[in-house]
Amino acid sequence: DFALTEGHVIFMDLPIVFNLEVAANGKGDMPFRWDDDYGARLGVLRRDDPFGEVRWFEIDPCYVFHVANAYDGADGKSIVLQAVRYPELWRDNGGFEASGALWDWTIDLADGTVRERQLDDRAVEFPRIDDRLAGSRARYSVSVGDASLVRHDLDTGAAVEHRFGTPDAPGGPGEFAFVPSPSGPADESNGWYLGYVYDPTRDGSDLVILDASDFVGDPVARVRLPRRVPYGFHGNWIGA
Numbered sequence: 081d082f083a084l085t086e087g088h089v090i091f092m093d094l095p096i097v098f099n100l101e102v103a104a105n106g107k108g109d110m111p112f113r114w115d116d117d118y119g120a121r122l123g124v125l126r127r128d129d130p131f132g133e134v135r136w137f138e139i140d141p142c143y144v145f146h147v148a149n150a151y152d153g154a155d156g157k158s159i160v161l162q163a164v165r166y167p168e169l170w171r172d173n174g175g176f177e178a179s180g181a182l183w184d185w186t187i188d189l190a191d192g193t194v195r196e197r198q199l200d201d202r203a204v205e206f207p208r209i210d211d212r213l214a215g216s217r218a219r220y221s222v223s224v225g226d227a228s229l230v231r232h233d234l235d236t237g238a239a240v241e242h243r244f245g246t247p248d249a250p251g252g253p254g255e256f257a258f259v260p261s262p263s264g265p266a267d268e269s270n271g272w273y274l275g276y277v278y279d280p281t282r283d284g285s286d287l288v289i290l291d292a293s294d295f296v297g298d299p300v301a302r303v304r305l306p307r308r309v310p311y312g313f314h315g316n317w318i319g320a
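Going by our numbering, the sequence shown opens with residue 81, and the numbers climb by one from there.
Hints were generated in silico from the structure; no laboratory data involved.
Please read all numbers here as calculations on a predicted model, not as lab measurements.
Where is the CB? At the ideal position from N, CA and C, for every residue including glycine.
Hints are supplied without guarantee of correctness; some may be wrong.
Have a look at the derived ranges for each label pair, beta carbon to beta carbon [as the list claims (entries may be wrong)]:
1) PRO250 - ASP81: 19 to 29 Å
2) ASP140 - THR246: 32 to 42 Å
3) ALA249 - GLY132: 24 to 34 Å
4) GLU196 - PRO130: 50 to 60 Å
5) GLU177 - SER261: 18 to 28 Å
6) ARG304 - LYS157: 49 to 59 Å
7) PRO250 - ASP191: 24 to 34 Å
8) GLY237 - SER293: 17 to 27 Å
9) ARG304 - PRO250: 13 to 23 Å
10) PRO247 - PHE313: 19 to 29 Å
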């Protein structure tokens, strides 16, 4: 993944490398391995100079599949990147047993340093914001947790969960998308979150609609689908 702000593109060069030996052994493992010698860095390119030099900033080794958001600091001298960070991945085999958490990186363009900060210890993936705010500062990030959606308040550091199913039959949510209300204020709490949720009690899926102003409350609607929707990585809303 990579990130965009109003003024910059941010690339991630991280220590997962293609392993030809693993790819050729025919065992079906993911052909990637962690490389301790590779290092980790963030690259920053100015959008008004797309053929210019990429500035590289060293960070602690980690891996990132999905970015939540990025934005330019109000001081004009920094960039904030928010993403789900894994401390390491695929060290010894092609299995996927690691878990990631939401972090942010503040890149200081003046002195060339990066401040790294863990925002929460919950295991999450597929972070999303209100797409209207992509590349600028957003208050909320919503991610898929363990049978739940987790909404992080990026201003206060608080987090709340909307859980699916029961402890004996937990639901399986996919990535949720924010749909802004066509009326009222254009803020991140005026709208709905939509996504598919697997219901193990009937081996089927529902389209679940949550009120963004009452995130932990009961869904405002649940559309029972005639069959199971296979798990997918991503989901989007396209208005008519």
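Cross-check of the supplied hints:
For PRO250 paired with ASP81, a C-beta distance near 27 Å keeps the hint of 19 to 29 Å intact. Range check, ASP140 to THR246: Cβ separation about 39 Å, and the 32 to 42 Å hint holds. Checked against the hint of 24 to 34 Å, the pair ALA249 and GLY132 fails, with Cβ atoms roughly 54 Å apart. The supplied range of 50 to 60 Å is broken by GLU196 and PRO130, whose beta-carbon atoms lie about 27 Å from each other.
For GLU177 and SER261, the hinted distance range of 18 to 28 Å is not satisfied, since their beta carbons lie about 40 Å from each other. ARG304 and LYS157 have their C-beta atoms about 52 Å apart, which keeps the hinted 49 to 59 Å range intact. A hinted range of 24 to 34 Å for the beta carbons of PRO250 and ASP191 is inconsistent with their spacing of about 46 Å. A C-beta distance of roughly 20 Å is found between GLY237 and SER293, which places it inside the suggested range of 17 to 27 Å.
Taking the beta carbon of each, ARG304 and PRO250 are about 18 Å apart, inside 13 to 23 Å as hinted. Roughly 26 Å separates the CB atoms of PRO247 and PHE313, a value that falls within the hinted 19 to 29 Å.
Against the hints set out earlier in the document, violations occur for numbers 3, 4, 5, 7.
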